[in-house]
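For the record, the sequence lines run as chains Z and S.
To get the numbering used here, take the position in the first sequence, counting from 1, and add 988.
To get the numbering used here, take the position in the second sequence, counting from 1, and add 988.
Honestly, the hints are just simulated from the structure, not real lab data.
One thing to keep in mind: the hints can contain errors.
[What the hints assert, rightly or not] Label-pair restraints from in silico Cβ distances:
#1 K991/Z with P1341/S: 39 to 49 angstroms
#2 A1343/Z with S1123/S: 34 to 44 angstroms
#3 G1381/S with A1131/Z: 46 to 56 angstroms
#4 G1373/S with A1131/Z: 48 to 58 angstroms
#5 P1037/S with E1330/Z: 20 to 30 angstroms
[Claimed, not checked] Output of the computed footprint for chain S on chain Z, the stretches with three or more beta carbons under 8 angstroms from beta carbons of chain S:
#6 1034-1046
#7 1373-1380
Glycine included, every Cβ here is placed at the ideal spot set by N, Cα and C.
Protein chains: 2
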Amino acid sequence: MSKPSAGEVRLARAWLSRAVEPGRGAIHDLVTAVGPVEAARRLRAGEAPGRAAELAEARRREDLAAEDLAEAGRLGARLVTPEDSEWPDDALRAMEIAFARERSAGGRPAGDGSARRDEQRVELAPPLALWVRGSPRVHEALARAVAVVGSRAATPYGEHVAADVAYGLAGRGWTVVSGGAFGIDGAAHRGALAAGGLTVAVVAGGLREPYPRGHSALFTRIARDGLLVSEWPPDALPQRHRFLVRNRLIAALSAGTVVVEAGVRSGALATGRQALRAGRAVMAVPGPVTSAESAGVHDFLRRCPEVQLVTRAAEVIELVGAIGDDLAPERQAAPTPRDGLEPLARQVLDGLPAAGAVSPDLIAVAAGVPPLDVLRCLPGLQLRGLVEATPAGWALTAAARGSGRDRP
Amino acid sequence: MSKPSAGEVRLARAWLSRAVEPGRGAIHDLVTAVGPVEAARRLRAGEAPGRAAELAEARRREDLAAEDLAEAGRLGARLVTPEDSEWPDDALRAMEIAFARERSAGGRPAGDGSARRDEQRVELAPPLALWVRGSPRVHEALARAVAVVGSRAATPYGEHVAADVAYGLAGRGWTVVSGGAFGIDGAAHRGALAAGGLTVAVVAGGLREPYPRGHSALFTRIARDGLLVSEWPPDALPQRHRFLVRNRLIAALSAGTVVVEAGVRSGALATGRQALRAGRAVMAVPGPVTSAESAGVHDFLRRCPEVQLVTRAAEVIELVGAIGDDLAPERQAAPTPRDGLEPLARQVLDGLPAAGAVSPDLIAVAAGVPPLDVLRCLPGLQLRGLVEATPAGWALTAAARGSGRDRP
Chain Z
989 MSKPSAGEVR
999 LARAWLSRAV
1009 EPGRGAIHDL
1019 VTAVGPVEAA
1029 RRLRAGEAPG
1039 RAAELAEARR
1049 REDLAAEDLA
1059 EAGRLGARLV
1069 TPEDSEWPDD
1079 ALRAMEIAFA
1089 RERSAGGRPA
1099 GDGSARRDEQ
1109 RVELAPPLAL
1119 WVRGSPRVHE
1129 ALARAVAVVG
1139 SRAATPYGEH
1149 VAADVAYGLA
1159 GRGWTVVSGG
1169 AFGIDGAAHR
1179 GALAAGGLTV
1189 AVVAGGLREP
1199 YPRGHSALFT
1209 RIARDGLLVS
1219 EWPPDALPQR
1229 HRFLVRNRLI
1239 AALSAGTVVV
1249 EAGVRSGALA
1259 TGRQALRAGR
1269 AVMAVPGPVT
1279 SAESAGVHDF
1289 LRRCPEVQLV
1299 TRAAEVIELV
1309 GAIGDDLAPE
1319 RQAAPTPRDG
1329 LEPLARQVLD
1339 GLPAAGAVSP
1349 DLIAVAAGVP
1359 PLDVLRCLPG
1369 LQLRGLVEAT
1379 PAGWALTAAA
1389 RGSGRDRP
Chain S
989 MSKPSAGEVR
999 LARAWLSRAV
1009 EPGRGAIHDL
1019 VTAVGPVEAA
1029 RRLRAGEAPG
1039 RAAELAEARR
1049 REDLAAEDLA
1059 EAGRLGARLV
1069 TPEDSEWPDD
1079 ALRAMEIAFA
1089 RERSAGGRPA
1099 GDGSARRDEQ
1109 RVELAPPLAL
1119 WVRGSPRVHE
1129 ALARAVAVVG
1139 SRAATPYGEH
1149 VAADVAYGLA
1159 GRGWTVVSGG
1169 AFGIDGAAHR
1179 GALAAGGLTV
1189 AVVAGGLREP
1199 YPRGHSALFT
1209 RIARDGLLVS
1219 EWPPDALPQR
1229 HRFLVRNRLI
1239 AALSAGTVVV
1249 EAGVRSGALA
1259 TGRQALRAGR
1269 AVMAVPGPVT
1279 SAESAGVHDF
1289 LRRCPEVQLV
1299 TRAAEVIELV
1309 GAIGDDLAPE
1319 RQAAPTPRDG
1329 LEPLARQVLD
1339 GLPAAGAVSP
1349 DLIAVAAGVP
1359 PLDVLRCLPG
1369 LQLRGLVEAT
1379 PAGWALTAAA
1389 RGSGRDRP
């Protein structure tokens, strides 16, 4: 068996991408064992081992590999394979590891009990090839990537937040990966584009007419400034079962997955769970508890302690970014004149009347602190401009009265 | 030293409640060591040990105990002491344990770094006595109690959720404890009252004019149907430092504390942290990430893994209720005809065209599954009413087409 040419390899991968549904461990193992050209030959000839042969049986007599490559060319797309320098090896490493771990554990992912059975049976086998449209090189686009996914039936709140998070991520040099769907996915792509950043849409059908058609203008923009990615040949239909398989890829290609809105049964939660399987960071943005579109997110946060609550891009980056250089700034309230006061000094301050001046002894009685402590605290309070010594005794300054407005 | 009479004990406790601010470990230890009557005598005489003497120094010469008890009587209130059968021993047990633990650990609670210093220095010493207005017996009202607290500057969303959670708790026989403040506290009390349940307002000043005055009508209702509780004598002012001390009592008296809305600096978060100190369940209700009034809640959930996200009363009860009998029902979506289908059967179903009938072989090609598997799955799909055999081949039923509407 002589070493196959690059063209033969490409044709074999194109053939495989049509002959078998992606993500199947048996096919992955065969290709790993004998290479794509020999794997394709055996499957075509009906000579492959048991399960792999079964998976390829229905379509093995069909060969549209050259046509698919030509069609991709007409669409401005290309087939990216593991043999290419732009193959996202680094991004897929976590998936390879998780796949190997689940194989050795018997093929069943650890579930939290809420995943549906078919979702748990989606195998995490890495892609055999990717159909790609867009100029950025795939491995570079995915070097720092976060998925932002959520409900198609999003609320204005959810779309606002998804766009805002995506805008913040893209503005800090992170690629935003999503599924191109209506609702949250679309808002995430648009937010990234608005920031002039990179965005990648991973779709569940072919690139000729990416699903949903209503997003064709968005897909055109994504293909111009970012990437459209699919595991299926250009004319493949977005069959329903393909969404779960596609979701595993969104999760695996991204360092972290952020779920913005999701009903209790949303596919976005499946993406989140698959990101957990793939050992990726999983985050969720809460919303009003009165909103059905946040109910799935809240359930997810309640059930899975690994899922982190996030509210903005900086917090996402803190979780997926390089340790140390991506810490989110702490939220802080405006400082008040009382900040930094010792508790005792606060108590003394509270012992002064709102108006008028009193003796230290009366302050001690009102505050319930030892008179000596009152005498010790007053000079410090005076230095801070909170109290003043008057001929009639000690009094609050205007500044101290102002800072106490919200409470008596 | 003869055993003091019940009347002497009551007078001593009334005197202590005015002479020293509540929550102080040194006073608690003295009372525990020598009893309230002897403790009051020593403090009054300036014979108490160091720190206790200091704490009582400012007010030890004043004795309004009889007047305070008479004033309470005029207000329809009473002093409840550890010697009374209605003293909430059970509710306060967690506080006693936490107080002892912090004492032995050197007096400093474990912080998450976000608590302000003065908050951390609030000692968890149990109350010496409670001024109470309302007919329910205190220990009974607090046998099953949850605190619902939050921002005074609440949003309509927050007030709605607080009232809803309180309504749900009260309707299931749980007492709702809060601080009587504007905003979330008021909404929680009202929600409990609306359900015909018990509610307890723990206030930071005396019961003659509970703070804030704007809630006087609400306080009247609470006193009629529930309880007003204070550690201070009837005429005490709601001084600012007293709120933190009061918050520790709200947290300690309740099996769990639910924070509904809180800015990054809200006192409600202090209550939550004190509930953590007291070993109580702490919960938080998320909100829109665009709302400043939920920012503190989200920070709290992010920083403290012990804090549980909750969205409704049933989930609160699951966390604080007796194990086993208070499980929240799982949120479920409406079932669809595809529920329970094997993944393979779903894939076969996806291989049928939206309209028209086809052969099993064509289904196999479209679905990418082995033809034998197609033949195996079709009878099951037919039994479920999802496909039908027609003279032209196999076709989707109307029901199956209907259930696929949301995706191609």
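Q. Among all the numbered hints in the text so far, which are the ones the structure does not match?
A. 7
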